[in-house]
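Novice: As they're listed, the protein sequences go chains A and B.
Just so you know, this note's numbering puts 245 at position 254 of the first sequence, and the rest follows in order with no gaps.
Just so you know, this note's numbering puts 140 at position 149 of the second sequence, and the rest follows in order with no gaps.
Among the hints, a few may not be true.
Just so you know, same-sequence chains aren't split out, so a pair can sit in one copy or run between any two.
What the hints assert, rightly or not - Pairs of lysine to aspartate or glutamate, EDC-like flavour, derived with a Cα cap of 20 Å:
no., residue 1, residue 2
1, K7, D202
2, K11, E332
3, K365, E150
4, K200, D231
5, K338, D349
Treat the hints as calculated values from the structure; they're not laboratory data.
Just so we're clear, the structure is a prediction, and the values are computed from it rather than from any experiment.
Protein chains: 2
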Amino acid sequence: MNNFIFENSTKAIFGKGCVKEYLACLLSHYGETVMLAYGGGSIKRNGIYSEIMAVLEKAGKTVVEFSGIMANPTYVKVLDGAKLAKESNVSLILGVGGGSVMDCCKAISLAAKYDGDIWDDFWVQPGVIDFEPLPLGVIVTAAGTGSEMNGGAVITNEELKIKTGRDYPKCNPKFALLDPIYTYSVPKKQMVSGAFDTLSHIMETYFAKPDESNVSDDISEALMKNVILNIRAAIRNPEDYTARSNLMWDATMAENRIIKLGKQTDFECHQMEHQLGAYTNCNHGEGLAVLHPIYYRHIYKYGLTKFKQFAIHIWNIDPTGKSDDEIALEGIEALADFIKEIGMPSKFREIGIDTDTDLKAIAYSCNIVPTAYKKMTHEEIFEIFKECF
Amino acid sequence: MNNFIFENSTKAIFGKGCVKEYLACLLSHYGETVMLAYGGGSIKRNGIYSEIMAVLEKAGKTVVEFSGIMANPTYVKVLDGAKLAKESNVSLILGVGGGSVMDCCKAISLAAKYDGDIWDDFWVQPGVIDFEPLPLGVIVTAAGTGSEMNGGAVITNEELKIKTGRDYPKCNPKFALLDPIYTYSVPKKQMVSGAFDTLSHIMETYFAKPDESNVSDDISEALMKNVILNIRAAIRNPEDYTARSNLMWDATMAENRIIKLGKQTDFECHQMEHQLGAYTNCNHGEGLAVLHPIYYRHIYKYGLTKFKQFAIHIWNIDPTGKSDDEIALEGIEALADFIKEIGMPSKFREIGIDTDTDLKAIAYSCNIVPTAYKKMTHEEIFEIFKECF
Chain A
-8 MNNFIFENST KAIFGKGCVK EYLACLLSHY GETVMLAYGG GSIKRNGIYS EIMAVLEKAG
52 KTVVEFSGIM ANPTYVKVLD GAKLAKESNV SLILGVGGGS VMDCCKAISL AAKYDGDIWD
112 DFWVQPGVID FEPLPLGVIV TAAGTGSEMN GGAVITNEEL KIKTGRDYPK CNPKFALLDP
172 IYTYSVPKKQ MVSGAFDTLS HIMETYFAKP DESNVSDDIS EALMKNVILN IRAAIRNPED
232 YTARSNLMWD ATMAENRIIK LGKQTDFECH QMEHQLGAYT NCNHGEGLAV LHPIYYRHIY
292 KYGLTKFKQF AIHIWNIDPT GKSDDEIALE GIEALADFIK EIGMPSKFRE IGIDTDTDLK
352 AIAYSCNIVP TAYKKMTHEE IFEIFKECF
Chain B
-8 MNNFIFENST KAIFGKGCVK EYLACLLSHY GETVMLAYGG GSIKRNGIYS EIMAVLEKAG
52 KTVVEFSGIM ANPTYVKVLD GAKLAKESNV SLILGVGGGS VMDCCKAISL AAKYDGDIWD
112 DFWVQPGVID FEPLPLGVIV TAAGTGSEMN GGAVITNEEL KIKTGRDYPK CNPKFALLDP
172 IYTYSVPKKQ MVSGAFDTLS HIMETYFAKP DESNVSDDIS EALMKNVILN IRAAIRNPED
232 YTARSNLMWD ATMAENRIIK LGKQTDFECH QMEHQLGAYT NCNHGEGLAV LHPIYYRHIY
292 KYGLTKFKQF AIHIWNIDPT GKSDDEIALE GIEALADFIK EIGMPSKFRE IGIDTDTDLK
352 AIAYSCNIVP TAYKKMTHEE IFEIFKECF
């Protein structure tokens, strides 16, 4: 195992009824004014909004609403939120939603306490945060990104056409409330997309050195198998509490830093998808679904041991009488088949990206990850993009 | 998954050279006087003591030594340590050792800041700690208990013949330094005993409800397989860094609360071993090794689904043409065989417990765990003890 440092400051409160049971107590640690941040308003239709407002009102809080946080949250939206938080003297941001809301709120929590330009100072390159961001608590309503238990925030700078993320431990939410029942009303397409994002996070962590025994990889395998089993179960029955609760905690475990310990990670696929998102606003999980098998066919020879292990341990490929290459490729095929089985796209056309898109510009705007099994070139990324049609 | 709350405040710093690289920086957050707490002095023979003292001296700290912490640390020893810490106006306890040292130091950190009797108020029954214990940092030199990343402390009250533990999050070490190379000099018997303690912690967590898909159980399976693989590797070559690092992090992961999330646990075997330890001072890991297979043969029918899963997933038992009972029992036999393979005892006589021991008194002094698959009676525990000859 490689050397590492681990800490995680978020308090995670998980299970049915947790908002009603614990939110009031959590709110009591903060001042009078709470900024309630959310997305397009689905929480008003499914009753979550009124459940939370009832707690806020009973706690005597002044509520400042900040709604309309979009998928692929923009830097402009972050600045709007920070302005509102400053003007309203907010004591706590309460983000209610999925990854987009949580990521936007983390960036707001920084910008609300910073006089400079957070994009320039903390996103263009890593910075040092020597101040306390505005406290943030989150209530998760869509599982997938695992943003609830790390300091990571992916923000899109529309003007510069850059979608990128940083993980600052100081941006970890103070608390995260995770009620699997809150995810019942997420439409199938979005549920599957979120769960595939989780699977992608685990694969991106798994497919990098070292290749010798490493308990973090073993835990990743356990998580991958659990995600696969429970995506299937949640598709069969969207109100299967066991499936929803596993998918929800899988998402958190995939991104609370545990499975990254003692190892390198890849995340090149995420870099490619981020720039696709920045240029085309495509759905994150769907972009990843298209890219993953094609990317892996390009790189598997450079990480053959791990790709073979992936095939055998995750997809139960029988290795008898097959070469390592054949086994590895069967594993990638099994992943591609699974993507189709759960109704996710395999081609760019299915996610609204057509041949008119300037794929070369997108490819050349991608970050290159040095720790991937095969360090990509921008030309190789362009080739991968072309194969996605 | 059952409802849960998770948080863990310990900062874990892992890998070769971590003490030299990070201890000075960690010490800078605390005052002048450091209590250096350790066991029988093996750290003086293997060079760890001088490495740590060099850092403490360079940092200009006044060092108060507290040595001689024994296996199965006693309440009397805790009180001695607390008296010394109070008298010397200690700012930080730095515990260097394995589980016994860490547990003793946690109890000292409480007692040093408490005017009452910590045994009565926090160990006889759970109490509320509404004060800050003396800060504790640990340097792990023997892997096994996982005490470095929780607030648990098992203390033996010799007068009352009770060995028991509590887990208070406020007692979590502030930091834990884990250098796998520090464990190279641990003798084989002690290394295997520690690793079996880890395996026991995982099994005790695994063998309880729920029995439906639960990612925490899947992670437990990953950890068990990693421990088994790497005990074998570390026996073959005690200086196998990969094996030692996996065993060290497995121990932490087994007891940092992660695998307990969303489920009940058993830990009846630990309760039995604790009382054996209180009466006979037997080695903890060895006591567990004797008890586990016999205990499991008594309870497997009450958790047949999980015992069958254990046999197939952990020990690769072929289920073809066998009844569930046969599969489950083959898994328990595989565990018993593994215990013999790694040179651990299977009988009480091998760990110095003979027929003169008042096993009935020990059995009737054991705590009963209500969440085990089969809630024991004291008479059943007595029967299990008798079968251990």
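Novice: Which of the listed hints are broken here?
Specialist: Violated: hints 2, 3.
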